[in-house]
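Sequence order for the protein chains is A and B. Residue numbers 46 to 683, in my numbering, belong to the letters of the first sequence in order. Residue numbers 640 to 744, in my numbering, belong to the letters of the second sequence in order.
What the hints contain is simulated information worked out from the structure, not anything from laboratory work.
Mimicking DSS-like on lysine-lysine, the simulated pairs with C-alpha atoms at most 25 Å apart in a straight line are:
#1 K580(A) <-> K431(A)
#2 K614(A) <-> K212(A)
#3 K438(A) <-> K506(A)
#4 K597(A) <-> K614(A)
#5 K579(A) <-> K431(A)
#6 K580(A) <-> K508(A)
#7 K737(B) <-> K658(A)
#8 K597(A) <-> K431(A)
#9 K438(A) <-> K508(A)
#10 K743(B) <-> K650(A)
#11 K743(B) <-> K652(A)
#12 K737(B) <-> K650(A)
#13 K587(A) <-> K506(A)
#14 K658(A) <-> K743(B)
#15 K506(A) <-> K431(A)
#16 K438(A) <-> K522(A)
#17 K729(B) <-> K658(A)
#18 K71(A) <-> K160(A)
#19 K431(A) <-> K587(A)
#20 K431(A) <-> K212(A)
#21 K652(A) <-> K737(B)
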Amino acid sequence: MDFSYTIFIPLIPLALFLILGIFSKKIPPSISGWLGSLGLGTSFALSLYTAYHYYLEGKLNGVYQTFTYKSTWLIFSDKLHIDMGVLIDPISVMMLVVVSTISFMVHLYSRGYMKGDDGYTRFFAYLALFSFSMFGLVLATNLFQMYIFWELVGASSFLLIGYYYTKPSAVAAAKKAFIVTRFADLGFLIGILLISYYSGTFDFSEINNPEGYVITSWASTSFMGLSVMTWGLILIFMGGAGKSAMLPFHIWLPDAMEGPTPVSALIHAATMVVAGVYLVARLFPAFSFVENGFALEVVAYVGAISSLVAAIIALTQNDIKRVLAFSTMSQIGYMMLALGVSKYEGHEGLGYMASMFHLFTHAMFKALLFLGAGSVIHAVHSNYLKDMGGLRKYMPVTHITFLIAALSISGVPFFAGFFSKDEILAAAYEHNMLIYISSVFVAGLTAFYMFRLYFGIFWGKEKQYEHTPHESPMSMKIPLFFLAFMSIAAGYIHFSDYITADRKPFSAHLNYSLAAIATTVGLIGILLAYIFYKKENNLADKFSQAFGAFYKWTYHKFYFDEIYLFVTKKIIFGIVASTVAWFDKYIVDASMVGIGNVTVSFSSKIKGMQSGKFQDYAMAFVGGGVVLAMVVFYIWIN
Amino acid sequence: MIEGISIYEILTLTSILFFIGTYGFFTRENLITVLMSIELILNASAVNFVVINTYLYPDFLQGAIFSIFIIALAAAETALAIAIIINLYKIVYSVEVKDTETMKY
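Same shape as in the complex, but just chain A (with noise of 0.2 Å):
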């Protein structure tokens, strides 16, 4: 079988940025849009294409089988080398389907959303740039060359977020955004030094080999109680959480939502930010043998408690994107959690299953809620809920979509978002009761929170809006069809046929009692929400009064941001940073100052040898003359 032709896959976008980016002052705008369409156009059909073959016919005896093409780039020693390649495997494909399929569609909507824009085609450019970033990062085949797209995808995201680069927020936006994943990327950085050390490769299949280094010699080697394995995974994890906006890393994804928002559909919803998820299912063997499974506890109890935080401050945002952004948070969250209570063979490995189900329909229904809050926000030219009401008679069609990508996320049946949350609740369920629990809950805040967004928007009293809103043209109603469709569709795709912790199908069955509690739950919510935000009340007021400090605590989403500013600010720049730059300023600089000195005092003393007078030149020769007939004649005596 031969997959060598998804090396187009990312190099097509990379064409496309270099060209775009190098002649974007003589493509004329138009030409660009259909350029870039185009172009992922072809990466999808490929993506689509790759995927038929391989699930179709990449099994042998039953197991799904890897494909790598490489070639050594970089060799440090004769056995530790970097190499750069394709890899292909059951999640790979999967994530080349989704990553082609929300890049498609987000090109195929920008053409309409980012007309009349100065920066057309850099626009386009930069989501070229990202997508063969990223799909760099997916096929890649050890974790340096992982880790390269890792940083890529971070540049990107840079850019796209400071797209409006005039407008300060987005300034700092993109800055905050860049700095927090990149001091996470430190922590990857040392994970990726320590593994590669110790078990002498950088390659995924080594590392993930069940009879390599990682997991047969993991405790060879420890440091304070754990092993160095352990810890490699772990720093590893964090540049994930950092990616992926974990709880101490996720100051950036609500500041994020000032960049377009096609950019905040595509990366920031349903690619970028799984980058961390996926690491840690490539990983996943490691993570699943090395120390009997620590570094996944980390991962669960880290996106469980990322999940419950965000869902809770979702609830009391008022700005649209934000709410979508922490509901990204949360449902991250839930990807991670499922990561973490799996385990590795068959059944066991429904955790596994369920995240990158979770993954793949969360992809769908994210991207649709943003671009159909793209497509309000432009319409009411706010991004405030209180600006927004009664959008349902002007804008059926986003109406509609929105409101299946909402059901669907909330879990309610026969929409994908069912599927794929009710597989992680039974994960959670047969492995870790408290970690279950705290999902229903934040099932039932979600559903709550996204009907509050729905109510709030489509229904209610209308606002004074400036003109009245439209709806899109046909070019942006394309993509939310076909992910409305997407939205319903995807959920009845048998997962575990295809995609497994140790690559060998098993079926997965509905559990019913499990699927009750949380369609139950998803239903309450979908009621609260109904009675406090369909028609205009003030219930959601006091309700919020009734919870006094914690709600203040909630809406300035736990103050993190002021901590974190707080420490860097008057802790690490204050006493840190200023006495190391004393140091600098006054020890050594002065240092370097003072040789010079030393020379110039020096100088000014001996300067008087050349004084001008003659007659001291004629006493220097005279001098000089008598000491020569001195040794002369000290010579000459004996």
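Since the structure of chain A is already known, use the hints to place chain B on it.
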């Protein structure tokens, strides 16, 4: 040959003259007096030639002849030096040594 005076005493005289000349060369403040000190140096060396000639090699005349050369040399050199001083005067309008110290740090 002068009776009663050995060579050492006259050599002492010439060395004292020589060093008075060098002292004057180093410390005088007027360029002309510096020239005069140079004359003293040359004179001392000329006397030295003659003395060594009469006391150590009485049958030869080379020493005395050479001292005449020294006189001629001194004259030429003084003429040259005066010429330089005159040209220098046209610029600094002084024959003091302290006005010639411009080529310094």
